[in-house]
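Protein chains in written order, with our numbering: chain C, 1 to 83; chain S, 84 to 166.
If you are wondering where the hints come from, they were derived from the structure by calculation, not from laboratory data. Think of the CB as a built atom: it goes at the ideal place given N, C-alpha and C, for glycine as much as any other residue. Warning: the hint list may mix true and false statements.
Covered stretches of chain C (chain S as the covering partner; in silico rule of three or more C-beta atoms under 8 Å from a C-beta of chain S) [said to hold, decoys possible]:
(1) 8-14
(2) 58-72
Computed list of lysine to any residue pairs in SDA-like fashion (alpha-carbon distance at most 20 Å, straight line) [said to hold, decoys possible]:
(3) 93/S / 129/S
(4) 93/S / 81/C
(5) 93/S / 19/C
There are 2 protein chains.
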Amino acid sequence: MRATVLVRPKHGILDPQGQAVESSLRQLGFAVGEARVGRVVDLEVESNDLAGARAEVERMCEQLLANPLIESYEIELAETPGE
Amino acid sequence: MRATVLVRPKHGILDPQGQAVESSLRQLGFAVGEARVGRVVDLEVESNDLAGARAEVERMCEQLLANPLIESYEIELAETPGE
Numbered sequence: 001m002r003a004t005v006l007v008r009p010k011h012g013i014l015d016p017q018g019q020a021v022e023s024s025l026r027q028l029g030f031a032v033g034e035a036r037v038g039r040v041v042d043l044e045v046e047s048n049d050l051a052g053a054r055a056e057v058e059r060m061c062e063q064l065l066a067n068p069l070i071e072s073y074e075i076e077l078a079e080t081p082g083e
Numbered sequence: 084m085r086a087t088v089l090v091r092p093k094h095g096i097l098d099p100q101g102q103a104v105e106s107s108l109r110q111l112g113f114a115v116g117e118a119r120v121g122r123v124v125d126l127e128v129e130s131n132d133l134a135g136a137r138a139e140v141e142r143m144c145e146q147l148l149a150n151p152l153i154e155s156y157e158i159e160l161a162e163t164p165g166e
């Protein structure tokens, strides 16, 4: 199963990369509000059932992919084409 | 309008961050296939129509948010709550 994990800085946590993007976009003439920058991780997991795959990816997030103190994560799962 | 931009390394482009995630996950005991790491950028844009907002965010991607030579991008738009 294919998993897409979005890891974002939590509200209230300073995001210097987002601030840099925001100010660069304004310098380029774009009218933008707050910008926040996070990571997207695309993974192939072996579990074939949704609940099992979600639980496994949650463990990956807690252990490696996100820092739960300052980042939130969102997991999207989709069947691998051809499975 | 709220825009979410996913920027990912193109297929065939080396992704050392993805390789590091993949090998760390395996060392932690997770059975994962290829992992790829990209960026997610959340933005607030002023355009209120979908087509206009999409065109503006595409220009931001070409000029700043992505490197079109080695990265692909995907744009998702949603109305800001309360608009």
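Hints, one by one, checked against the model:
no.: 1; hint: 8-14; result: violated (count 1)
no.: 2; hint: 58-72; result: holds (count 5)
no.: 3; hint: 93/S / 129/S; result: violated (29 Å)
no.: 4; hint: 93/S / 81/C; result: holds (19 Å)
no.: 5; hint: 93/S / 19/C; result: violated (26 Å)
When held up to the earlier numbered hints, the structure conflicts with 1, 3, 5 and fits the remainder.
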